[in-house]
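Novice: One letter stands for each residue in the lines below.
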Amino acid sequence: MVEARLRRFDGAYRWFLCRTVPLRNEAGAIVKWFSVSIDIEDRKRTEEEIRSTQTKLAQMGHVLTMGQLTASIAHEVNQPLSVSGIITNANTCLHMLAANPPNVEGARETARRTIRDGHRASEVVKRVRALFGKENAALEPVDLNEATREVIALSRVRFQETHAVLRTELAEELPLVNGDRVQLQQVVLNLIQNASDAMISVRDRPRRMVITTERDGNECVRLTVQDAGVGFERESLQRLFDAFYTTKSEGMGIGLSISRSIIERHGGRMWAALNEGPGAAFSFSVPIVAKDATCAGAAVPS
Amino acid sequence: MKSVKIKRPLVSVVDDDESVRESLPDLLAEFGFAVQAFSSAEAFLNSGNMARTRCLIFDVAMPGMSGPDLHRELKRRKLEIPIVFITANADEKVRPRMLEEGAVECLIKPFSDTDLRKALDAALA
Chain A
144 MVEARLRRFD
154 GAYRWFLCRT
164 VPLRNEAGAI
174 VKWFSVSIDI
184 EDRKRTEEEI
194 RSTQTKLAQM
204 GHVLTMGQLT
214 ASIAHEVNQP
224 LSVSGIITNA
234 NTCLHMLAAN
244 PPNVEGARET
254 ARRTIRDGHR
264 ASEVVKRVRA
274 LFGKENAALE
284 PVDLNEATRE
294 VIALSRVRFQ
304 ETHAVLRTEL
314 AEELPLVNGD
324 RVQLQQVVLN
334 LIQNASDAMI
344 SVRDRPRRMV
354 ITTERDGNEC
364 VRLTVQDAGV
374 GFERESLQRL
384 FDAFYTTKSE
394 GMGIGLSISR
404 SIIERHGGRM
414 WAALNEGPGA
424 AFSFSVPIVA
434 KDATCAGAAV
444 PS
Chain B
345 MKSVKIKRPL
355 VSVVDDDESV
365 RESLPDLLAE
375 FGFAVQAFSS
385 AEAFLNSGNM
395 ARTRCLIFDV
405 AMPGMSGPDL
415 HRELKRRKLE
425 IPIVFITANA
435 DEKVRPRMLE
445 EGAVECLIKP
455 FSDTDLRKAL
465 DAALA
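Sequence lines, in order, name chains A and B.
Heads up: the first sequence begins at 144 in our numbering, then just goes up one per residue.
Heads up: the second sequence begins at 345 in our numbering, then just goes up one per residue.
In short, the hints are calculated from the structure, not lab data.
Source: prediction; values computed, not measured.
Heads up, the beta-carbon is just placed ideally off N, CA and C, and yes, glycines get one too.
Treat each hint with caution, since some may be false.
To spell it out: a stretch of chain A is covered by chain B in this simulated footprint if at least three of its residues, at any positions, have a beta carbon under 8 Å from a beta carbon of chain B; those stretches are [said to hold, decoys possible]:
| id | region |
| --- | --- |
| 1 | 162-176 |
| 2 | 354-360 |
In silico negatives: residues of chain B with every beta carbon more than 12 Å from chain A [what the hints assert, rightly or not]:
| id | residue |
| --- | --- |
| 3 | P353 |
| 4 | S363 |
| 5 | A378 |
| 6 | E417 |
| 7 | K422 |
| 8 | P426 |
| 9 | I430 |
| 10 | R439 |
| 11 | G446 |
| 12 | P454 |
| 13 | S456 |
| 14 | T458 |
| 15 | L460 |
| 16 | R461 |
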């Protein structure tokens with residue numbers, strides 16, 4: 144069975160799937176060949192379209208993350224505006240009280256506004272927090288294996304482009320974790336992309352990536368993305384999760400920082416370690432669905 | 345006896361942030377100014393009170409006409425109104441650029457009452 148680009152009767156070149164089967168006599172000698180050529184040009188095109196749609200979806204995921212980030216930063220930038228009102232009102236209040244005679248009614252009114260704007264400013268901060276990590280009430284039981292498989296499916300194109308070979312070791316009967324599914328998927332996607340990026344320049348060894356899920360103590364589930372990439376300097380271990388720290392020429396250095404803040408808001412932990420051989424491994428642990436489960440005591444290599 | 349009406353100098357505030365439009369006029373009134381607040385440069389330009397305005401307090405970054413745009417428009421109309429820019433952008437480069445544009449002062453939000461007072465004194469000198 145072979146796929147080949149052949150010239151059709153009308154002169155057009157199209158993709159064909161060709162199968163050839165011999166017809167043998169009782170002695171086993173070939174008497175005839177049966178051959179069939181199926182025109183698979185349309186199927187090929189559809190496959191190509193699916194691939195490009197997947198790429199676009201992954202890009203949209205990125206844009207979405209960046210969009211949320213931009214929105215939250217815009218909120219933060221706006222915050223000084225209401226702070227400005229607070230300070231002006233408080234100043235006015237003092238001036239009114241210092242006047243002779245003091246303007247008590249005016250002072251009372253500006254003090255009221257000061258309190259109102261203070262509440263407004265704290266609302267803004269709350270909204271930014273809510274963007275990065277939902278309050279506990281919004282968390283739901285998430286199957287981390289299932290969520291990870293979805294991200295892997297989305298990343299297929301990326302694996303093909305980077306010639307990365309993926310192995311998954313997803314633990315069976317993994318307990319559900321307490322979390323925000325989309326945010327956890329963003330973290331996994333970020334780890335997979337980092338691992339791919341770390342391997343892009345590797346030429347002397349297979350570009351192997353291993354994604355593992357397993358139990359971590361009684362109260363947590365751990366996910367690890369291990370790569371055979373360029374790794375990182377031992378000294379930079381402390382800075383890997385800092386915002387705007389990056390070892391990539393095109394990175395902004397916010398992926399890991401946001402990832403860690405998402406994991407911490409889930410009551411979990413995130414860390415990195417160098418492999419014995421080439422490459423590195425990034426892991427996070429998040430609490431399972433259980434009352435008061437925490438990952439504070441989870442095994443974290445120093 | 346004829347009553348003498350002392351005219352307070354008019355200061356116009358242009359800012360799209362409602363909390364500033366609400367709070368700043370009161371403080372300026374405490375300083376002894378008459379105040380008008382507008383939510384956009386266009387609203388100010390259409391107010392008909394430009395000629396009376398002795399000082400303009402203007403937020404640099406607003407949707408629509410920007411600070412420098414308004415400055416040019418006022419020049420075109422031959423209105424030499426001293427401008428004090430206010431901005432939430434703490435970038436050090438903003439202030440020198442605004443002063444170069446001909447602003448009397450550029451205050452970074454949140455600003456103190458003394459800094460505002462100084463800026464107004466300079467504008468009305």
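Novice: All hints are to be evaluated individually against the structure, with a verdict given for each.
Specialist: Hints versus structure:
With 0 residues having a Cβ less than 8 Å from any Cβ of chain B, the region 162-176 of chain A misses the three-residue criterion, and the hint is violated. Only residues whose C-beta sits within less than 8 Å of a C-beta in chain B count toward coverage, and the region 354-360 of chain A has 0 of them, not enough to reach three; the restraint is violated. At roughly 18 Å, the least C-beta separation between B:P353 and chain A is larger than 12 Å, which holds for a residue marked as non-interface. Not every CB of chain A is more than 12 Å from the CB of B:S363 (nearest about 3 Å), against its label as outside the interface.
Separation of B:A378 from chain A is adequate, the least Cβ-Cβ distance of about 16 Å exceeding the 12 Å criterion. Distance check for B:E417 against chain A: the nearest CB is about 24 Å away, which clears 12 Å, and the non-interface claim stands. Here B:K422 stays apart from chain A, with its beta-carbon at least about 32 Å from theirs, past the 12 Å limit. Every beta carbon of chain A lies more than 12 Å from that of B:P426, the smallest distance being close to 20 Å; the non-interface claim holds.
For B:I430, the shortest C-beta to C-beta distance to chain A comes to about 8 Å, within the 12 Å cut-off, and the non-interface label is violated. The non-interface label for B:R439 is consistent with chain A: the shortest C-beta to C-beta separation is roughly 15 Å, beyond 12 Å. Every CB of chain A lies more than 12 Å from the CB of B:G446, the least distance being 24 Å, so the non-interface label holds. With a closest Cβ-Cβ approach of about 4 Å to chain A, B:P454 is found to fall inside the 12 Å limit, against its non-interface label.
Non-interface status of B:S456 relative to chain A is broken: a Cβ of that chain comes within 12 Å, the nearest being about 7 Å off. A Cβ of chain A approaches the Cβ of B:T458 within 12 Å, the least distance being about 9 Å, so the stated non-interface status is violated. Its closest Cβ contact with chain A, about 8 Å, brings B:L460 to no more than 12 Å, contrary to its assignment away from the interface. A Cβ of chain A approaches the Cβ of B:R461 within 12 Å, the least distance being about 10 Å, so the stated non-interface status is violated.
Hint compliance for this structure: hints 1, 2, 4, 9, 12, 13, 14, 15 and 16 are broken, all remaining hints hold.
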